[in-house]
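Protein chains in written order, with this note's numbering: chain U, 1 to 766; chain C, 1 to 766.
Check the hints yourself; a few may be wrong.
Same chains, same label: a pair holds when it works inside one copy or across any pair of copies.
Calculated pairs, SDA-like style, for lysine to any residue (alpha carbon to alpha carbon, straight line, at most 20 Å) [unchecked claim]: (1) K271 x Y196; (2) K259 x A472; (3) K733 x T719; (4) K239 x A472.
No lab work stands behind these hints: they were computed from the structure.
Protein chains: 2
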Amino acid sequence: MKTIKIEINLLLRFTGILLFFSSLTISAQDNAKYINPFIGTDHMGHTFPGALVPFGMVQLSPDTDTIPYSSGSGYNPDVYKYCAGYQYNDPTIVGFSHTHLHGTGHSDLGDFLIMPIEGKIMLNPGTADHPEKGYRSKYDKSTEIAKAGYYSVVLTKNNIKAELTATQRVGVHRYHFPMKETPAIILDMVHGIYNYDGKVVWSSLRVENDSTVTGYRQTNGWARDRKVYFALVFSKPIKQYGIINADKETYNGFWRRWKMDKEFPERSGKKIKAWFQFNMQNDSTLTLRLALSSVSAQGALKNLRTETPKPNFEKIKEQAYNAWKNEVNTINIEASDEEKRVFYTAMYHSLIHPSIYMDVDGQYRGLDQEIYKADGFTNYTIFSLWDTFRALHPWLTLTHPQETSDMVNSMLAHANQSVHKILPIWSHWSNDNWCMIGYHAVPVIADAMAKQIKGFNYSDALSTMVKSATYAPYEGLEHYMKYGFVAQEQSGSSASVTLEYAYDDYTISQAALLIGKNDIADKFAKRSLNYLNVFDPSTKFMRAKKSNGHFTKPFDALATHDMGYIEGNAWTYSLFVPHNPKKLIELYGGEKNFCNHLDSLFTMELPAKYYEKTEDIAAVGLMGNYVHGNEPGHHIPYLYNYAGKPKATQAIVRKILTTMYHNTPSGLCGNDDCGQMSAWFIFSSLGFYPVCPGTPNYDLGAPLYRKIELLLPNNNLLTIKANKLSSKNIYVKKVLLNGQEIKDHNITHQQILNGGLLEFEMTSEQ
Amino acid sequence: MKTIKIEINLLLRFTGILLFFSSLTISAQDNAKYINPFIGTDHMGHTFPGALVPFGMVQLSPDTDTIPYSSGSGYNPDVYKYCAGYQYNDPTIVGFSHTHLHGTGHSDLGDFLIMPIEGKIMLNPGTADHPEKGYRSKYDKSTEIAKAGYYSVVLTKNNIKAELTATQRVGVHRYHFPMKETPAIILDMVHGIYNYDGKVVWSSLRVENDSTVTGYRQTNGWARDRKVYFALVFSKPIKQYGIINADKETYNGFWRRWKMDKEFPERSGKKIKAWFQFNMQNDSTLTLRLALSSVSAQGALKNLRTETPKPNFEKIKEQAYNAWKNEVNTINIEASDEEKRVFYTAMYHSLIHPSIYMDVDGQYRGLDQEIYKADGFTNYTIFSLWDTFRALHPWLTLTHPQETSDMVNSMLAHANQSVHKILPIWSHWSNDNWCMIGYHAVPVIADAMAKQIKGFNYSDALSTMVKSATYAPYEGLEHYMKYGFVAQEQSGSSASVTLEYAYDDYTISQAALLIGKNDIADKFAKRSLNYLNVFDPSTKFMRAKKSNGHFTKPFDALATHDMGYIEGNAWTYSLFVPHNPKKLIELYGGEKNFCNHLDSLFTMELPAKYYEKTEDIAAVGLMGNYVHGNEPGHHIPYLYNYAGKPKATQAIVRKILTTMYHNTPSGLCGNDDCGQMSAWFIFSSLGFYPVCPGTPNYDLGAPLYRKIELLLPNNNLLTIKANKLSSKNIYVKKVLLNGQEIKDHNITHQQILNGGLLEFEMTSEQ
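Using the sequences plus the hints, can you model the full thing?
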């Protein structure tokens with residue numbers, strides 16, 4: 001029973017015991033074998049190939065370079081490639097670190113780098129050109145394997161085979177040493193992603209006994225005040241070790257009675273690195289378990305002991321694989337293996353973030369750096385909400401109601417802990433990194449309410465949403481509340497900000513209606529019209545205004561910078577009225593004009609100067625002036641639906657699905673943005689998409705595959721068929737839900753949850 | 001009933017409620033009025049004049065300068081004067097900070113400096129010469145008042161009257177503003193004692209609401225990894241504020257949407273300072289309560305709300321005064337007011353450290369930086385054990401059995417949390433600063449056992465003592481265990497270290513005997529003879545040996561440096577066999593020779609070159625070659641007792657008591673060393689002294705006053721009389737305890753506890 005499985009999983013999450021049941025699936029097949037973690041690891045996808053379990057706190061993965069975020073002369077643009085620590089074509093591996101962001105466009109983390117070596121102890125990483133000058137190594141690309149929950153590679157410097165797997169909170173390493181020289185493990189507490197000199201404000205290491213090491217580090221990065229603890233257990237006793245602090249130690253004098261650099265079991269400072277040699281006992285294999293905690297080293301140790309009571313690498317690897325199998329086996333598609341690799345990897349990528357952020361006993365570090373115990377929910381972090389409110393969260397709302405409830409509770413807890421008392425903008429390991437704009441926790445919660453997710457208090461949720469939407473000091477909000485738009489003086493992205501506030505406000509009004517708070521509903525319904533205040537009838541674009549109410553000049557509809565937009569230009573952002581496409585079409589002079597406008601968007605040539613300096617937009621992510629690699633346009637392909645041209649939607653969506661997602665390392669056309677790009681793919685390939693999260697509706701497109709079986713969390717089965725689908729028959733003639741024709745382009749959440757048969761009759765007729 | 005009072009106090013400590021009972025005292029008089037916190041604030045006493053309660057975690061006191069511990073060129077010797085943050089003759093006050101060490105010879109702390117100002121906001125302290133360039137101020141010396149639990153001064157820059165008082169965990173400030181310009185409070189999170197650029201590795205500040213501010217800082221100082229949290233509540237609402245970070249903020253870009261420097265409620269970094277202006281509501285008085293915690297800001301807030309539910313300055317001040325009165329009223333002396341000021345201030349100084357180190361709910365940060373809950377005891381920190389095992393702890397063992405039990409439990413917890421599993425050397429706010437030598441937690445615990453203190457497990461205690469005494473990596477201990485002495489190659493203080501280990505070992509043997517562990521007793525009794533291994537019969541001095549067993553050369557019996565001693569020379573350290581003076585006398589060729597040797601020590605002229613470069617030794621602390629300002633000799637005046645010349649002991653002790661302790665700011669002849677110098681004074685002035693802590697015996701001297709009443713913790717009264725005492729009658733003819741003559745120079749702990757009448761018949765006959 002699916003329901004039982006969910007409850008057991010929940011139980012397991014709380015007890016921290018990882019047992020996996022043979023899950024109820026649609027058929028006995030194994031879809032996890034199609035997962036290809038290398039997709040997106042080349043160039044712009046910003047994905048990592050390492051090992052993790054769904055929503056796992058640990059993302060154990062190889063890092064292939066150490067480009068600093070900034071040097072003396074400021075931001076270093078080369079660092080951008082290393083948002084996930086890994087570039088597919090890099091020749092060397094620096095080591096294996098335990099935390100990674102999936103698909104972000106800025107970065108952090110990379111905690112507690114482990115590297116196995118043989119022979120001479122070197123504590124610096126060396127360089128890609130000269131790996132021999134440090135602990136890093138070239139690797140044999142042909143040996144590199146990445147699967148669901150498993151990664152393996154042979155490091156050629158010493159011919160050491162490295163294997164990685166993970167539980168929710170524990171990274172598990174197995175190293176096979178040729179034993180030609182003395183094997184050793186390097187632990188580099190300074191290494192990090194988007195590192196810079198001084199990023200580690202403090203760190204500490206303790207050798208607790210002959211096989212256990214604990215410690216923590218505190219970093220000042222994208223998360224400005226971040227603390228992460230670990231406990232590390234080796235499968236063999238330590239024979240010799242050393243902890244080095246490469247920093248000046250003002251007060252080391254009092255340790256004068258010991259030689260600190262060797263066999264001294266405790267050290268703290270800003271540049272701590274350590275090496276360990278082992279009593280190998282005539283066995284060339286060493287297993288490491290490294291558990292994380294945001295609370296304490298004791299918490300990490302508890303996580304380690306609970307989730308990996310024994311260093312049984314094979315068993316843990318199997319558990320990790322099964323955890324993924326249970327997830328991806330909820331959907332079957334009739335498709336080629338290559339298509340399956342793309343599809344199931346998209347599913348995999350949609351289940352990485354948000355990440356579990358609490359110890360097995362429920363304790364976690366709150367936004368105010370205080371320790372909390374999650375009361376009746378699992379706490380999560382890594383909410384990249386500007387990206388993920390669009391499709392990733394609606395996807396989880398549909399398929400993971402318990403996790404969605406937990407995520408809402410996590411965001412409400414965040415707001416309670418916030419000094420501003422507002423919901424997260426970008427929740428990041430007990431910090432808000434304030435990245436991007438809007439208050440998009442609001443549509444995520446409104447969506448959960450609209451779709452009747454249980455497990456959180458709707459009334460509390462609404463009042464917290466209202467607080468976020470009325471916190472005057474936040475980006476231009478005071479002006480917005482007074483004058484109905486954000487002025488360019490208050491925000492360089494004022495047009496985008498105004499449009500997104502208006503949409504967010506609409507979702508508040510919907511949520512308020514749901515629970516009968518009509519005064520709030522009215523107030524925010526009114527605010528939701530504020531997009532009208534930035535519409536310029538003369539240019540037919542939504543434009544930035546100065547506080548005096550005049551549009552800013554000069555104006556270039558193709559430019560993003562200095563025009564009041566962010567990650568989009570006038571063409572893209574002017575279409576951001578997901579809550580009222582009908583009105584938008586009216587502003588554009590009716591359906592025909594609007595469709596022409598959309599046609600222009602998708603076919604016009606965008607001169608290179610508008611994107612060549614923009615990090616995010618690979619040429620492959622461009623379709624005319626539509627940029628799939630950035631999020632503001634993700635709903636646009638579906639807008640033809642509202643202007644009487646659903647077949648244009650079907651065609652454009654299919655073109656994006658088939659040309660911008662591939663089973664290759666460079667198979668993503670932009671950053672996966674914590675799974676948003678992947679979630680867009682999953683929804684669209686199933687044949688429906690949430691154009692306006694916060695309402696219980698999806699827009700119909702067309703399925704990418706002939707037959708899809710979707711096992712719903714209520715244990716209903718929805719079978720989706722695309723009858724007569726072929727390379728030519730890509731248009732939808734008719735849609736039948738359980739035999740009843742759907743006349744418009746809409747399907748409701750409840751209709752999907754009811755399951756049954758959703759049939760698309762495909763045709764070549766445009 | 002005294003017993004009841006103790007129990008209630010205990011209860012109150014656990015609940016954190018500070019209610020003060022009119023304590024049972026000997027008579028109705030108020031001895032607290034004699035307490036003069038200025039004693040020792042000039043030059044070398046390293047005391048502070050601010051407000052605190054007995055054993056309080058908060059020591060709220062003015063800091064009069066900001067000399068850095070080190071600058072580019074290393075250690076700055078001028079900083080030494082500012083170990084307690086204050087020098088009596090300094091012309092300016094920088095502000096009032098919440099933590100101070102009492103009488104140490106190295107330093108730290110000075111957390112969360114508060115300064116009241118009027119007018120222009122300046123966030124730098126300015127200089128002593130140019131206070132107008134910063135927030136610091138000159139002050140009117142004639143207005144400066146320091147009493148038990150209270151400090152007050154008028155800051156002349158703006159004519160602001162400042163008043164300070166405290167509870168155990170809360171510093172309470174009251175400022176009276178002339179209101180000529182806008183009043184403001186400066187909060188400087190960078191300020192500190194023994195500060196240096198970079199000492200604050202991280203800090204954070206949050207304005208929680210219109211009157212509450214929380215935050216923390218983490219410092220890398222004498223305590224290398226120290227975290228201290230606070231909660232601050234103002235009695236009036238904040239009108240305007242600003243939080244400034246003077247440091248480069250690599251990641252401040254994401255806050256671009258706000259002006260961070262004003263009205264932004266949260267900031268973290270390395271150089272955080274803040275200012276607050278208030279809605280004064282036509283009242284010129286502002287009260288601040290600032291609570292500390294080692295655990296969290298929430299812990300601090302709980303401490304604040306529990307200990308100071310209201311900002312009633314007068315009541316809190318009265319409570320603080322009464323807490324001191326309850327302590328000092330346990331002893332009455334017949335003496336002049338001037339003598340009483342010296343005596344009761346010594347009592348006051350003996351009750352500052354160790355300091356309570358846990359929140360009202362029992363939580364505290366352990367040595368491993370993890371959070372613990374004290375189970376059945378009150379946790380303490382600040383154990384300067386090399387100093388305090390001699391007299392301060394024996395004094396507490398006699399007068400504060402409950403606190404002594406708590407302190408032992410605190411040290412046992414420290415050992416459990418230690419990566420080395422050893423007892424503290426110098427326990428310092430969740431750190432061991434490893435200052436000085438020996439393992440002198442051992443004699444403190446042995447002393448508590450010998451004196452039958454209840455409340456800790458003797459067997460656990462013994463095994464922890466043994467662990468500390470057998471931890472091979474500790475200063476030369478491996479060599480000591482093998483060869484019976486520490487070699488100079490392993491420790492620059494090898495002679496001192498060997499002698500102190502031997503004594504500590506003796507106390508282990510005594511403790512083991514007590515609980516019938518005869519094998520341990522035998523082993524450590526043997527080790528206690530190791531002092532013999534460094535005795536050089538040719539020079540009659542205890543001397544440093546090389547690992548080959550030869551004494552080091554050259555040898556200068558008057559020198560400390562490079563001779564294998566620390567804070568003492570061959571003359572002093574060679575007499576450090578407190579556990580076997582008889583054998584020592586034998587080594588010196590019998591009583592007569594030994595007495596001649598002691599006479600030489602106390603009368604010889606020590607050439608200035610031997611002490612002029614030594615920070616600690618003010619000329620006034622010298623008596624011949626005996627240095628009272630340093631601890632290794634503190635038992636020496638009592639050694640005449642063992643060589644048949646008790647009258648010499650009586651004369652020398654009296655001379656020290658009357659010439660080296662005065663009721664003046666420069667009234668201490670050396671650092672008070674967390675109360676050790678004061679405890680020496682108290683014991684000696686009562687007429688007995690613990691020459692060998694770890695045994696239940698005291699050596700008799702002679703009382704300094706004609707009549708003393710000592711209320712013991714068991715509620716017995718010991719009356720001590722010095723019949724016929726006069727400036728000439730300073731020798732003891734006969735001692736009677738409850739009418740029975742004491743024939744030797746010894747009185748036991750039990751005899752004292754039994755109370756009654758201890759009569760000294762004084763005479764002028766030598």
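How the hints compare with the structure:
no. : hint        : result
1   : K271 x Y196 : both (12 Å within a copy, 19 Å between copies)
2   : K259 x A472 : between (57 Å within a copy, 13 Å between copies)
3   : K733 x T719 : within (18 Å within a copy, 110 Å between copies)
4   : K239 x A472 : between (60 Å within a copy, 17 Å between copies)
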